[in-house]
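Protein chains: 2
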Amino acid sequence: MPRLVTAFSNPLIKRVRSLREKRHRRAEGLFIAEGLRILAEAEQAGRLPLYLFYTEAMRGHPLVVRLAAAAESAGGEAIETSLDILHKLSGKDNPQTVLGVYAEFATDLSRLDRSAAGLWLVAQALRDPGNLGTILRTGDAVGAGGLILIDDCVDPFSVEAVRASMGAVFTVPLAQARWPDFLAWLRAGPATLVALSLRTDTDYRAPAYPRPTFLLTGNEAQGLPADYEAACDLTVKLPMRGKADSLNAAVATAVMAYQVLAAHDGAAA
Amino acid sequence: MPRLVTAFSNPLIKRVRSLREKRHRRAEGLFIAEGLRILAEAEQAGRLPLYLFYTEAMRGHPLVVRLAAAAESAGGEAIETSLDILHKLSGKDNPQTVLGVYAEFATDLSRLDRSAAGLWLVAQALRDPGNLGTILRTGDAVGAGGLILIDDCVDPFSVEAVRASMGAVFTVPLAQARWPDFLAWLRAGPATLVALSLRTDTDYRAPAYPRPTFLLTGNEAQGLPADYEAACDLTVKLPMRGKADSLNAAVATAVMAYQVLAAHDGAAA
Numbered sequence: 219m220p221r222l223v224t225a226f227s228n229p230l231i232k233r234v235r236s237l238r239e240k241r242h243r244r245a246e247g248l249f250i251a252e253g254l255r256i257l258a259e260a261e262q263a264g265r266l267p268l269y270l271f272y273t274e275a276m277r278g279h280p281l282v283v284r285l286a287a288a289a290e291s292a293g294g295e296a297i298e299t300s301l302d303i304l305h306k307l308s309g310k311d312n313p314q315t316v317l318g319v320y321a322e323f324a325t326d327l328s329r330l331d332r333s334a335a336g337l338w339l340v341a342q343a344l345r346d347p348g349n350l351g352t353i354l355r356t357g358d359a360v361g362a363g364g365l366i367l368i369d370d371c372v373d374p375f376s377v378e379a380v381r382a383s384m385g386a387v388f389t390v391p392l393a394q395a396r397w398p399d400f401l402a403w404l405r406a407g408p409a410t411l412v413a414l415s416l417r418t419d420t421d422y423r424a425p426a427y428p429r430p431t432f433l434l435t436g437n438e439a440q441g442l443p444a445d446y447e448a449a450c451d452l453t454v455k456l457p458m459r460g461k462a463d464s465l466n467a468a469v470a471t472a473v474m475a476y477q478v479l480a481a482h483d484g485a486a487a
Numbered sequence: 219m220p221r222l223v224t225a226f227s228n229p230l231i232k233r234v235r236s237l238r239e240k241r242h243r244r245a246e247g248l249f250i251a252e253g254l255r256i257l258a259e260a261e262q263a264g265r266l267p268l269y270l271f272y273t274e275a276m277r278g279h280p281l282v283v284r285l286a287a288a289a290e291s292a293g294g295e296a297i298e299t300s301l302d303i304l305h306k307l308s309g310k311d312n313p314q315t316v317l318g319v320y321a322e323f324a325t326d327l328s329r330l331d332r333s334a335a336g337l338w339l340v341a342q343a344l345r346d347p348g349n350l351g352t353i354l355r356t357g358d359a360v361g362a363g364g365l366i367l368i369d370d371c372v373d374p375f376s377v378e379a380v381r382a383s384m385g386a387v388f389t390v391p392l393a394q395a396r397w398p399d400f401l402a403w404l405r406a407g408p409a410t411l412v413a414l415s416l417r418t419d420t421d422y423r424a425p426a427y428p429r430p431t432f433l434l435t436g437n438e439a440q441g442l443p444a445d446y447e448a449a450c451d452l453t454v455k456l457p458m459r460g461k462a463d464s465l466n467a468a469v470a471t472a473v474m475a476y477q478v479l480a481a482h483d484g485a486a487a
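Quick mapping for you: the protein sequence lines, in order, are chains A and B.
Quick note: the numbering used here has the first sequence finishing at residue 487, numbered continuously throughout.
Quick note: the numbering used here has the second sequence finishing at residue 487, numbered continuously throughout.
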């Protein structure tokens, strides 16, 4: 039986709302995902919400019925509530009518199997949650083995990052590591580490990108530290025909990722 | 001589702050751009601020000195102010220390010369200002002739769109049109209209993309209306190896734009 919660002062509402802050997410090991589409992705990836919130209008929706039953039989809870409460929980002006609270995943490097994919994404000191989520979404599209976050990146479990990932946070393996630990892991097996650079003459379309290729993207404002770039096996450049010398970080990652995919498909043909 | 303004109640501060709302931008024909980098792009593109705001710490910065002199001799005004005021004007938690108020540009289709470039970007009913700005930034990078906004898109002069464009709002020609007017203009000359589609077997790497190619991107949630897609000369698909069936709109536009650039470069070689 779903519980009915409509009071802003309800302790669970306060607790879930606090998950919009990173320190509370870390303390609880929980994060928020919103919207039917993203919750359906989570279900397909075998992830059930610990708490499932939905509005009265969604009570009979097949996915809500299924998720509520599955969550409850796994020890979770289904909660019918108001759009106002969902607005308060998500912080969004036009909140989704369904919201789930999920357990965070372990994100240590040792969980990754580099032989599982020919392409991996790596991002360093990424600051914008929208960019992080968008890179996850691209990672899903190109069949990347996972996304490895280096140094102090924005939290991949933030509401904004999860939203921009369109569910890819549930389907693309995530890891977090400091640079020296990442490099040690990387060099313990086959890997070609690739980055965009302004200091190279190699066009991004030239290399064959040996499998597995790890695409390294730097911070939005600073780019990659010089010694990180020097540690790469390969640096390439994108044509820049305009006034600026850089692309949005998520855009640059996607253009590169699709080129690696094309190089791999060409080699396989 | 710069004016010193530090009171939140100053009428100019209230007026500039109101430019964060679209109706005030339209009524005044003005918009806000922030940050040294973006204001430098504007200057290089021949655009001077009508009002230039900067903090005391920036008083002696070469660009600020030059912009202030140029703005004043063109009838504009330089205003020294506080970081608190800049925070209020930009709505940003960590405001830039320099902010300019600019006249909006005319955005009618007739200003565009299709022979000026081999690649043009077109976006329909785009909702997210970050996506719009990011597409402008990509348009600059690929040397697109311009960005044409179809139907009800988010305002390209919004603070968020200008910010995401990283100055490309000043360097990439912009036009706005309803679909029938765009189509009439498009068909009055040479043009290949291209869109991504889930209902085609043509890989995005196959076509030669005759010049000028117009890349059409649809709304983030709905994609393109079926009749808009049917009006295209060419529909292509991107490999989608994951669970989802779409990419972020700005990401998809960029992957396509770089492929068109590669096809054109290959044909020219």
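Treat the hints with care, since some could be wrong.
Note that identical chains are pooled: a pair holds if it fits in a single copy or bridges any two copies.
As the list claims (entries may be wrong) - Straight-line alpha carbon distances no greater than 20 Å define the calculated EDC-like cross-link-like pairs of lysine to aspartate or glutamate that follow:
1) K310 <-> E378
2) K461 <-> D445
3) K310 <-> E295
4) K240 <-> D451
5) K455 <-> D331
6) K232 <-> E298
If you're looking for bench data, these hints aren't it; they were derived computationally from the structure.
Model, not experiment: these values are computed from the prediction.
When no copy is named, should K461 and D445 be tagged within, between, both, or neither for a Cα gap of at most 20 Å?
For K461 and D445, neither the intra-copy (27 Å) nor the inter-copy (36 Å) Cα distance is at most 20 Å.
I want to check one pair: K310 and E378. Are their C-alpha atoms no more than 20 Å apart within a copy, between two copies, both, or neither?
Both: 10 Å inside a chain and 17 Å across chains, each within 20 Å.
Have a look at K310 and E295 and pick one of within, between, both or neither, based on CA distance no larger than 20 Å.
neither (23 Å within a copy, 38 Å between copies)
Indicate which option fits the pair K240, D451 if close means a Cα-Cα distance not exceeding 20 Å: within, between, both or neither.
So K240 and D451 fail the 20 Å test inside a copy (35 Å) and across (48 Å) alike.
For the identical chains here, do K455 and D331 meet the 20 Å Cα criterion within one copy, between copies, both, or neither?
neither (29 Å within a copy, 30 Å between copies)
Please sort K232 with E298 into within, between, both or neither, judging by C-alpha distance up to 20 Å.
within (16 Å within a copy, 43 Å between copies)
In the structure shown, a violation is registered for the earlier hints numbered 2, 3, 4 and 5, in ascending order.
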